[in-house]
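Q: Sequence:
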Amino acid sequence: MKKRADKKRQLLEFRAGDQVLIKLRPKQIRFRGRKDQRLIRKYKGPVEVLKKVGNTSYRVALPTWMKIYPVIHVSNLKPYHQDIEDLQQNVVIRPIIDLSQKEDKDVEELLAERVTRSGRPTRRIDEYLVK
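All residue numbers for the sequence shown refer to the working numbering, where the first residue is 659 and numbers rise by one.
If you are wondering where the hints come from, they were derived from the structure by calculation, not from laboratory data.
There's no promise every hint is true.
[Claimed, not checked] Using 25 Å as the maximum straight-line C-alpha spacing, the simulated DSS-like pairs for lysine-lysine come out as follows:
(1) K702 to K725
(2) K725 to K709
(3) K736 to K665
(4) K681 to K710
(5) K681 to K709
(6) K736 to K681
Given the sequences, and given the hints that come with them, work out the whole structure.
A: What follows is the structure in structure tokens.
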């Protein structure tokens, strides 16, 4: 049985400095709005391999917004190949959020208040209309 399973199995090896894509589970992918799970990209990256940890795991340099443990099993990694023909595919478009210009606005008057329930289990959400 093992002989048949290993026939088409590839043993992936990465070195420090290699670029890889990380396969994420749907719970690990944070997105805004409700999108169909089938439309979300399964692989994020590219990220750089820092070093090999154990026989089958690698430590990778994750971006700060990706809040997962940086040691990832080789089955969740795949080599990144840069698209030479269409360079637009290689660009990660992410809005830059400038937290230094935080504006605090004063509330003049509370015009209305309402309570809604959302999610499962239902959560109470207080909403305020301010002037």
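Q: Give a verdict on every hint.
A: Hints, verified against the model:
1. K702 to K725: Between K702 and K725 the Cα gap is close to 13 Å, so the pair holds against 25 Å.
2. K725 to K709: Cα-Cα ~19 Å, so holds.
3. K736 to K665: 19 Å, holds
4. K681 to K710: 18 Å, holds
5. K681 to K709: Holds, at about 18 Å.
6. K736 to K681: Satisfied, since the Cα-Cα distance of roughly 8 Å is no more than 25 Å.
Against the hints set out earlier in the document, no violation occurs for any number.
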